[in-house]
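Enquirer: Here are the chains, one letter per residue:
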Amino acid sequence: MADIAIAALAAPPSRLLAGLRRSGPRLWIGAVLVALLMLAAIFAPVFAPHDPLEQDLMSAQLPPAWMTGGDHTYLLGTDSLGRCVLSRLIYSARTAVMVALIAATLAALIGVALGLFAGSFGGWVDQSISRLIDVWMAFPPVLLSIVLAAVIGAGLTSVIAAIVVVDWTRFARVIRAETMVQLTRDYAAAAQVIGLSRARLLRLEILPNLVPLLVTLLAVEMGIAILVEVILSFVGISVAGDTPTWGSMIAEGRQIVYQAPWIMALPIVCIITSVIGLNLFGDGLRLALDPVQRS
Amino acid sequence: MTATLTIEGLKVAIGAANVLRGVSLEVQPGEVRGLVGESGAGKSMLGRAVLGLLPANASVTAGRIAFEGRDLLAMQEAERRNLLGRRIALIPQDPMTSLNPVKRIGGQIGNLLRHHLGLSKRAALMRATDLLNEVAIREPKRVLSLYPHEISGGMRQRVLIAMAFACDPALVIADEPTTALDVTVQRQVLQLVERLRLRHGSAVLFVTHDLGVVAKICRSMTVLHAGRVLEEGETANVLVRPRHAYTRALLAATPRADRPAEALRPVPPDLTDQLWSEAHRLDQVPAAGAA
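Chains A and B supply the protein sequences, listed in that same order.
For what it's worth, this note's numbering labels the leading residue of the first sequence as 1, then goes sequentially.
For what it's worth, this note's numbering labels the leading residue of the second sequence as 1, then goes sequentially.
Errors might be hidden in some of the hints.
Every beta carbon over 12 Å from chain B, so not counted as near; a handful from chain A, in silico [to be verified]:
| no. | residue |
| --- | --- |
| 1 | 25 |
| 2 | 41 |
| 3 | 207 |
Some chain B residues judged to face chain A by a derived CB distance under 10 Å, without partners named [what the hints assert, rightly or not]:
| no. | residue |
| --- | --- |
| 4 | 53 |
| 5 | 82 |
| 6 | 100 |
| 7 | 116 |
| 8 | 118 |
| 9 | 160 |
Note that these hints are calculated values from the structure, not bench results.
Using N, Cα and C, we set each Cβ at its ideal position, and we do this for glycine too.
So that you can see chain A by itself, here it is in the shape it has in the complex:
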C-alpha cells in the first residue's frame, strides 16, 4: 500500500515535457508549419530572392525553375508582370500573419470578456449578451466584412476591424457556455466558500480552466482570419494594391490560369498549409496544456 502510494507520487520530472510528448505528431507538424509561416513573415527581406514589387517584363510568366523554360533565378517562376512569385509569396505571409495575430487576439479579448460576463452574471446580462450574439451571427460573416471594409475603407486596419467585429461572437458563445459549466463544478462553489469575490473567482479559478479551450479557439480563429484576409484581398478591398497578398495573387493568377496555373496554385498551397498548420498546432497545444489530459 505504501509502495503504491509512493509510486503514484513519483511524478515525471517535467510534466510539460511529458505533455509535449503525448500530444504527438499533431503538435510537431503544426509547430513546424506555424514556425515556417512566422519565419517567412518576420524574415521576409532575408529569404525573398527578389524585391516582390520589382517587375521584369522580359521574363514574365516564367514557370517554376524545374519545369521546361524555367529560370533558376526565379525559383517558383514569375507572374504576368515578371515579378518573382516566391518573393511575393513570402512577403504575403507578412500580411497574413499580422492579420491573424492581431485580429484573433482582439476578437478573443472582446469575446472572452463578454463571454465571462454573460456566463457568470446570468439573468438579464446573459440574456442581452446572448441575444446580441444571436442577432450578430445571423449576418453572413463574409458579406458583413466586405460591407465593413467598404465602409471604413481599404487597408490593414479595416481588414482587422472587420474580422474582430464579425468573429468575437465565436469566442463569446463558447466561453459563455464553458464558464457556466465550470461555475456549476464543486471547485467553483468551494472557491466561493473561501470568500473569493466574483472577479477573483473568474480570474483565479475559472479562467485557468478555460485556457486549453481558448488556445484551440485562438488557433482556429487565426486560420479563419487568414482566410478572411484572402477573401477580402481577392475582391480587392484589403491592403493597398501594391502590397503582395495571397488573395490578390490568386485574383491575378485566375485570369491567366490556363497559361500559368502555378501563379494561382502556389498561394492556394500556402493558404492551405498555414490554416492546417494553425489548426494542428492549436489542437496539439491544447492537449499539452491541459494538466488533466496530460497525465
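Starting from the known structure of chain A, arrange chain B on it as the hints suggest.
Expert: Below, chain B without anything else, positioned relative to chain A:
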C-alpha cells in the same frame, strides 16, 4: 457567551416548494453538532444557506442566521466574504471535484492564505507545507507541486480539511465529508477532523446521514426531516433514549455490529408519510410561525 452559530426559524423555498420549514439550531463555540436526516431532509440546504451558496432559484423566506451574533443574511456582501474561508469554513462533500483540476495543490492552498491572511507567496507556501504536515500528508513539499488528479481521494479530502482549518475558523461546516470515501479512509478523516478542531478551537456542524459517525464524534445532534427539526439534544441522550418515533426508526435502520442483520428495519413508510403530510400542513398556514 454568544453562540457561534444561531439559526432561528429558517425557512428556505426553492420556487414554490419549501425545503426548510422553520429550522432553529445553535452551535456553541467548540461544539461538534451532528445534523442528521435522510436525503431530502434539507440538511445540505441548511449548510448551503449558512455559506450563502443557495442555488439561484432558492430563497430564504423567513428566519435568521447569525454568526457570533452578527446576522449573516443582512450583512454586506464584502463583509460576508471576509468571514467565509476565514471564520466560517467548509469541508465539501466530494473531494474528487472540489479542487480546481488545473491548479496545483500549492497554488490552491496558497491562494486561500494570501487572500485571507495576506501572506507573501513564499510565506504562504511555507504555511501550506505546515498545514499538509498537520493532516499527515507525507512529503508535503512534493504534494504541493502536484495537480489534484495526481493524488488519491483520501489525500484530496485531507488537503480540503487542511484548507478548511487553515485560518483557524470559529465554525467548520462539514457537508458529509466521508460519504464519497471508502470505509477505511472514513475513519482516518473523522480522526483528522477531531484532531484539527481541537487544535484550532473550531466548532463543527457535521452534516451526515450516518448515525454511526454522529455517535463517534458529535457531542450534540439535531434530527432533521422534511425541513423540520424533529429532535435535538446531547448525542448520548438522543441515541439511547430517542423521544421521537422517527429517531427510533432511524436507529432501527442503522446497521450495528452487535446486532444481527435481521434486526435491521427500514423506516416505516407510514411514519414518513405522516411526517410529510404534517410538514405540508405546516405550509398551508404560513402565518402560524409569525403569530
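Enquirer: If a hint holds in the structure, say so; if it doesn't, say that too.
Expert: Going down the list of hints, with the structure as the test:
1. 25: 25 Å, holds
2. 41: 32 Å, holds
3. 207: Answer for residue 207 of chain A: violated, closest chain B Cβ roughly 10 Å.
4. 53: At 6 Å from the nearest chain A Cβ, residue 53 of chain B passes the 10 Å test, so the hint holds.
5. 82: 6 Å, holds
6. 100: 4 Å, holds
7. 116: 7 Å, holds
8. 118: 13 Å, violated
9. 160: Given a least distance of 8 Å, the restraint on residue 160 of chain B holds.
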